[in-house]
Amino acid sequence: MSAITCRDVTRRYEERGKAPVLAVADVSLDVEPGEFVAIEGPSGSGKTTLLGLLAGLEAPDSGTVTVLGHDLARLSRTERARLRQSRVGTVFQTFGLIASLNAAENVGLPLLLAGRPAAEIERRSAEALDEVGLGGRGSARIDELSGGERQRVGVARALAIDPAILLADEPTGSLDEGTGKQVLELLIDAVKRRGTSLVLVTHDPISAARADRRYAMRDGRIVGSTPALPGSPA
Amino acid sequence: MILARHALRLVVREPRRSLAALVGTVIAAAQITSVLLFGSASGATVTRRALADLPVDAQVILSVGANVEATKTIVGGDPAVRNVVPFDLAHFDTAASDRAGTATQTSTGVIVGVDAAYVSATGLFQASSGTIAKGQVAISRDLASNLGVVAGDSITFSLPGGKSVKLKVSGIVSIAGADLVLGPIDAAHRAAGANPPTNVAVMQRADLESLVLSLIPAGVVAADPGTTSPGGAPVPSAGPVTVSAAEVAVRRELHLQLAVAQIPGDPAAAQLWLDTVRRRMEIQGAGTFQVVDDAQAALEPIASDLAWGQILFIFLALPGIILALVLSRLAADATADTTRRHVALLRARGAGPRDLRLVFGGATVLTALVGSAIGALIGALIGLVLFGGLLGGGDAVAAAIRAALIATGLTTILASFAAILPLRGQLREEIAAGRQQIQRARQPLWQRLYLDVVALIGAVAVDLLVGGQIRPVINTEGVTTVSLALTSFVAPLLFWIGGTLLLLRILGRLTPRTGRLAAGLGRLLGPGGQLAGRSIAARSSAASRAIVVLGLAISFATSVLIFNATYLAQQRVDAELTLGADLKAVPNAPTDASAISALAGPGIASVTPFVDRVVYVGPEAQDLLGIDPAGLTSVSPLADSFFQGSTATAAMDALKSRPDAILVSAETAKDYSIVPGDRIRIRVPDAAGVLKTVDFHMAGIALEFPTAPKDAFLVANLAYVAAQTGDSRVSFALARAGTDIGDAARRLAARAGPGWQVSDLSTTTARLANSITSVDLQGVVLIDLAFGVLIAAVGTALFLLAGLAERRRELATLVAVGGEPGQLRASLVGETLIVGVSGLAIGLLTGALVGLAFLQILAGIFDPPANLPVLPIAAIVATAGCVAAALVLAVALADRGISRLDVVGALRER
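Protein sequences appear in the order of chains R and D.
Residue numbering for the first sequence follows the numbering used here, starting at 1 and increasing by one per position.
Residue numbering for the second sequence follows the numbering used here, starting at 1 and increasing by one per position.
The hints are simulated quantities; they were obtained by calculation from the structure and are not laboratory data.
There could be a bad hint or two in this list.
Said to hold, decoys possible - Computed beta-carbon distance windows for the label pairs:
| hint | chain 1 | residue 1 | chain 2 | residue 2 | range |
| --- | --- | --- | --- | --- | --- |
| 1 | D | Ala-892 | R | Glu-120 | 30 to 38 Å |
| 2 | R | Ser-2 | D | Asp-355 | 16 to 24 Å |
| 3 | D | Arg-900 | R | Ser-43 | 20 to 28 Å |
As the structure is a computational prediction, the values presented were derived from the model and not from experiment.
Positions of the beta carbon are idealized from the N, C-alpha and C atoms, including for glycine.
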């Protein structure tokens with residue numbers, strides 16, 4: 001069973017008084033368990049929208065998205081939320097941290113939402129922070145951390161739930177080259193160790209080059225894949 | 001021009017921002033308009049009630065020799081005059097009877113000549129028993145009592161000029177409400193508060209002409225009413241009348257009833273209108289008559305009372321208006337993201353700080369103007385629906401337009417300032433952020449100057465200095481008027497301001513610590529609850545503002561409820577004080593005390609006899625109230641404030657413990673330098689009307705007493721007075737209703753029979769029309785309450801929406817990492833719980849304290865003042881319930897906002 005199966009997915013945005021924008025058009029892709037998939041493309045090509053569809057944060061206008069055997073269209077909002085709490089980790093370009101929580105509390109947030117006991121939350125948050133090299137910084141306020149440290153907290157939060165799938169939206173986009181590279185290495189190492197599927201949205205070819213499979217997007221469509229999919233442009 | 005277009009575009013193209021900014025302005029303008037309309041309506045109500053109570057609107061006093069019919073044609077032709085009825089009056093020097101061989105004589109009085117049409121048109125001089133028969137007189141109860149005569153007896157009237165006339169008595173007439181027409185008409189006597197005569201005889205006008213007026217020489221003057229005793233013995237001129245000039249012996253008058261529908265509702269406008277009518281008639285009369293404007297005199301005291309009333313109504317609504325304007329601050333928070341986006345856009349297009357201020361300032365003023373106009377329209381509609389009937393057609397529309405224009409102008413200015421202040425801060429922050437400046441947060445100026453503490457100390461100081469000194473005053477006509485000084489409003493206002501600022505200071509320190517609440521809320525609401533505690537801690541200043549707005553809105557509603565409940569209770573006390581109890585039964589002639597017990601029965605909880613006699617303390621005439629202390633306490637409410645240096649229970653116990661105990665007024669105690677325990681000798685009339693000296697011992701000082709006049713009076717044991725004078729007759733009975741007062745009044749009237757007049761509290765309350773105490777506050781209370789609840793709801797909704805706007809990315813993150821819809825809702829509920837519970841607690845507490853401070857205002861309106869505020873628990877709970885329901889709606893609104901959140905878009909925002 002594929003970790004993610006995406007078939008003929010289309011998503012368009014309509015704004016009053018404006019022509020509809022086709023953000024994702026007829027996209028089909030598969031992500032296997034433990035596979036590292038990169039989605040490349042210029043700004044506005046539909047990469048982030050596609051990631052939102054895979055995470056169940058948005059619903060497609062047509063087509064189906066199946067995650068870990070669940071057809072997302074058949075799940076309620078609460079069921080989709082629970083899937084993200086326990087099986088699907090997310091990392092964002094802008095870190096997505098909550099300023100009123102400290103580093104450890106941010107890491108433990110999905111566990112808190114999943115209703116895990118406080119002791120378990122504390123233990124797993126500390127382990128995840130150790131894993132990203134921030135052991136002992138759990139009580140730090142978010143505004144006390146550097147950009148690279150903030151993204152490490154973001155990665156630790158995604159890893160803390162021990163996810164089957166990790167969706168990362170340009171995780172190095174807000175970091176300088178050196179720091180970005182470190183964070184990416186950390187992320188890739190962590191998912192490899194766990195056998196977690198990783199879908200990385202990026203417009204950086206060097207980052208994409210590390211992937212097992214690469215999809216190129218333009219104007220909402222997949223215009224190429226490496227290795228090439230049967231019957232698709234190389 | 002370009003900047004103006006930008007400002008207009010900002011208003012039109014950002015409907016969410018504009019609507020948020022409009023809300024507070026609309027509420028404030030609506031509130032101001034409806035309260036102003038309530039003021040106009042209350043003015044019209046009091047004016048109409050005061051005029052409706054007048055049997056005669058104006059008296060046309062004819063000069064000697066003036067032609068009655070010609071004058072009637074002149075004044076009757078005036079478009080403002082509805083009815084003209086002739087009235088003649090002759091003074092007599094003494095009245096005497098020789099019933100059963102006992103000669104009795106009274107002092108001065110008047111004989112009135114009226115037609116049957118006069119009685120039916122004015123309602124005056126109605127026969128209580130018998131009739132006004134041809135060639136005979138019907139006499140007042142006092143004259144009958146003083147002479148001890150009944151129908152069929154004869155009275156000899158000594159007339160000015162030396163002649164006398166003997167007339168047979170055909171009945172008893174009521175002179176209730178006739179003070180104006182019987183009293184002196186010259187300005188000197190009126191200004192001195194001269195009492196109208198109580199020795200009154202009434203006969204047919206033609207009989208007065210032929211039998212009495214023909215005996216009085218032209219131009220002769222009447223004896224001064226202050227120079228003879230009721231028994232006829234000369235006494236030094238004393239009492240309220242200090243004018244020695246006597247009146248002419250004969251008066252020929254025409255009494256006018258005006259077309260009341262034409263009179264403007266506003267008392268000041270009504271006075272002007274009446275003045276115009278008077279002048280118009282006098283000019284036509286060319287000196288043959290003079291018009292005494294009774295309607296204008298009746299309106300005089302209420303015009304100033306109502307001016308204070310208007311201030312009071314606005315003051316009651318003021319906190320609501322201020323809070324509504326404060327909503328602008330919360331609206332600015334709620335739409336900060338839009339403001340930020342527009343600032344960035346305009347700056348990208350090259351706009352400088354000045355341009356930004358002009359664009360946003362212009363948009364603010366435009367929004368304030370539109371909001372004020374919409375609010376004024378809504379307020380006018382609310383006011384017309386609630387009070388249109390009281391104002392009446394054309395008056396209502398004119399008043400609504402006037403109120404709406406005032407409110408629009410006022411609110412535009414206030415709302416512009418209220419919105420520009422936070423906007424300035426926001427723009428400064430945006431510009432500073434652009435320059436990457438980091439400024440250390442400073443305490444606001446008021447916190448550094450401790451203005452909260454200063455205001456609270458000021459409130460206490462003002463309360464201590466002037467709190468006890470504000471009491472209603474009695475004007476020269478003997479009418480109680482409102483005595484409000486601006487200082488009455490200072491203590492509550494300072495308390496409100498100081499309390500608000502102190503709350504902001506305390507909450508500013510406490511809310512950052514609400515993170516500790518997280519665990520507790522987590523147990524109650526799950527993970528969402530934990531997040532709520534942390535969110536409040538992170539947004540402490542916004543949360544403090546929301547708690548303060550909510551708390552003060554509830555405080556505002558609570559204090560208005562307490563004020564209203566206390567006002568209603570005092571209104572009842574006022575009526576009870578005037579009437580004496582729930583019910584009063586007055587026999588047409590003094591009756592034996594034994595007849596009183598027959599009035600008790602089903603529907604009546606208890607009855608007590610009451611004596612009211614004119615007695616003399618030295619040369620001074622005073623009312624002696626004879627009571628049964630045990631019986632009275634079960635019938636009449638006696639407040640501790642009625643007695644100086646004592647309580648109601650102690651004062652009654654003092655009367656019970658000693659038969660000759662007497663309570664005197666403060667004025668008497670001071671004039672005669674007497675203290676409790678001193679012996680007082682008082683001349684009291686016996687059964688034959690002869691003054692007899694009776695010894696009493698002073699037991700205390702009474703400031704007020706049921707049925708007592710405002711000036712000098714005495715309270716003694718009824719049984720002792722009866723024993724000393726040999727007169728066991730009582731003046732009236734007071735009764736307490738079993739349950740329903742109206743039903744009890746009907747039962748009492750049926751039991752007493754036609755020889756008694758029964759009045760009850762409801763009719764007495766309606767008659768207290770000459771001050772704002774008669775104004776029904778329900779309308780303004782309803783408006784203030786509704787706006788209070790609305791402000792609380794909108795304030796909380798804006799706080800939650802501001803939270804959504806501020807935390808779009810945080811909320812999107814929560815959704816992305818697995819936040820369930822129920823958990824996010826729980827987070828909102830948790831935040832609302834913290835804000836709501838804190839606001840409710842603060843609101844109820846400060847509301848009760850402000851309600852207490854309102855007692856000072858009520859002290860200037862009611863006499864006696866209220867001892868304690870009345871807590872309308874059910875109404876307060878109902879209001880808190882409405883606020884809670886409104887908060888649930890606010891949560892639902894915010895929840896809808898979260899469900900519509902563009903998670904992916906928000907996560908990409910920087």
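Task: Hint numbers not upheld by this structure, sorted from lowest to highest - done: 2
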